[in-house]
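Enquirer: Okay, here's what each chain looks like letter by letter:
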Amino acid sequence: MSLMVSSFSYLAEASLMTVFLSVVSIAFGLVLGLLAAVVRVAKVPVADPIARVYISVMRGTPLLVQIFIVYFGLPQVGLVFGPITSAIIALSLNVGAYLSESFRAALESVDRGQMDAALSLSMTYWQAMRRIIVPQSFRTALPTIGNSYISLLKDTSLVSVITVQELLRAASVVIARTYRPLTLYVEAAAIYWVLSSAFSLLQQRVERMASKHVRR
Amino acid sequence: MSGDNGIAAGAAPGAATATAGDGRSMLQVSGLHKRYGKLEVLRGIDLSVDRGGVVVVMGPSGSGKSTMLRCLTFLEKPDAGRVRVGDVTIDVDDHDADINGRIRQVRRNVGMVFQHFNLFPHKTAVQNVMEGPLVVRRMPEAQARELAVGLLAKVGLADRADHYPSQLSGGQQQRVAIARALAMEPQVMLYDEPTSALDPELVGEVLAVMKRLAKDGMTMVVVTHEIGFAQDVADRVIFMDGGVIVEEGEASQLFSAAREERTRRFLGLIKREPGGG
Ligand SMILES: Nc1ncnc2c1ncn2[C@@H]1O[C@H](COP(=O)(O)OP(=O)(O)OP(=O)(O)O)[C@@H](O)[C@H]1O
Ligand SMILES: [Mg+2]
Chain A
1 MSLMVSSFSY LAEASLMTVF LSVVSIAFGL VLGLLAAVVR VAKVPVADPI
51 ARVYISVMRG TPLLVQIFIV YFGLPQVGLV FGPITSAIIA LSLNVGAYLS
101 ESFRAALESV DRGQMDAALS LSMTYWQAMR RIIVPQSFRT ALPTIGNSYI
151 SLLKDTSLVS VITVQELLRA ASVVIARTYR PLTLYVEAAA IYWVLSSAFS
201 LLQQRVERMA SKHVRR
Chain B
1 MSGDNGIAAG AAPGAATATA GDGRSMLQVS GLHKRYGKLE VLRGIDLSVD
51 RGGVVVVMGP SGSGKSTMLR CLTFLEKPDA GRVRVGDVTI DVDDHDADIN
101 GRIRQVRRNV GMVFQHFNLF PHKTAVQNVM EGPLVVRRMP EAQARELAVG
151 LLAKVGLADR ADHYPSQLSG GQQQRVAIAR ALAMEPQVML YDEPTSALDP
201 ELVGEVLAVM KRLAKDGMTM VVVTHEIGFA QDVADRVIFM DGGVIVEEGE
251 ASQLFSAARE ERTRRFLGLI KREPGGG
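Protein sequence lines, in the order shown, are assigned to chains A and B.
Read left to right, the first sequence gives residues 1 to 216 (our numbering).
Read left to right, the second sequence gives residues 1 to 277 (our numbering).
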């Protein structure tokens, strides 16, 4: 018990890195995912097949392998990134692919009459997308975005293998000194759980706010 | 009926029809064809509506009424035909660089009202009405709001400006939709069964707004089965079936003495519907 207390501030500090990685990666992932989804729904030439391959590759290969390719593989072709940058690149690309599928489903679920109405006001296709279709799809996609974020939060533990000093890595460091794996892994698990639970609560509130005026 | 905007049939040439294309009709459609796969939905529609004219379109389900309206503004691309609104003409066979510009110009000059309103659910009533002026007409926010508030007042919804569509009744939503279309200051309004998704007690308030617009001289094409509205407002009633215009005439003539058996049979059916007037 005293080990838990004494190691807590160390793990808590490392969990700031976990939060940082997940927040930055979800931000990039949202942009990337929305872009890929819009490109696919609008069937933009050239970009659409590229998006399709990107999504298929990211979803069809293990995240750990993606992390290795970015951190260990890319230096071979002259692209050298530090551990944290590599982690953010791999996590963003990965979560972006999943988010793009959520966005695509959400974009396609917006009633066809919305596009009709926007075009009838003489908006261009892209004005209609930006002002009418995308904002509505955000509401629909909100629950899955939340789920993706929670997965991402836990997936950040994988980047401990490329020496990023995040929560799991910090626990491993203490274990190496104290040989008390049960205590420390349970402690790490507890912190992950608290973080994702806190986020879930936040998500519920945001969803309630966002759906206030939409009755379907 | 206001005298200056009936059908100008037989009007003396040189009579005061200054602006809209030297006395030509406001809306003209010729040879409109549309097919979905093997199904020929429009098989050659010719239609001409004078400035200030009101044309009511009737016809059985699947006869192509909605498709015709959608083809007029190229929401659906016709396979053949030509559409002119005011001074802007689009021929389906045009392949010049500016065809998309002309399509957008036609859409700008034509207001569209849908059966299911299609209001933007994430925007309030006033924001719905402001959207076109802000985005397309690039009006400053304050001016767009003033215009929108005025139009909401005109459709009797001044006190609902800040309500979301989900907080409005169907009849109120459809009136907001009409105000939204009017905000583009269109030359022509198209209505696709504007009251058929409404509870019977809400139909009247929407028809009243449409009647007032017609009396004010708006050029309109209205797909509806409201016989009373047609009798009061329409200069001409068109009966469509199987993708063609089967018959057209003045409301009184068509409703009492249609030439075609198909028309008589259809009118017999809708007259028997409760509330069909
Ligand atoms: N996008 C589409 N794809 C395939 N078929 C279509 C499409 N839109 C319409 N149709 C078909 O075209 C025909 C005419 O449809 P349209 O909606 O124009 O009829 P309508 O006269 O408006 O009928 P209603 O009174 O039911 O609204 C119908 O048979 C319909 O199934
Ligand atoms: Mg229809």
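Hint data in this document are derived by calculation from the structure and do not stem from the laboratory.
Check the hints yourself; a few may be wrong.
[Said to hold, decoys possible] Which bits of chain B does chain A cover? Going by a derived footprint, with three or more residues having C-beta under 8 Å, they are: (1) 86 to 94; (2) 99 to 111; (3) 116 to 128.
Treat the numbers as computed from the prediction; the structure is a model and nothing was measured.
Even for Gly, the Cβ is constructed at its ideal location relative to N, Cα and C.
Enquirer: Compare the structure with each hint and give your call.
Expert: The hints, checked one at a time:
| no. | hint | in the structure |
| --- | --- | --- |
| 1 | 86 to 94 | violated (count 0) |
| 2 | 99 to 111 | holds (count 6) |
| 3 | 116 to 128 | holds (count 6) |
In this structure, the one hint that does not hold is number 1.
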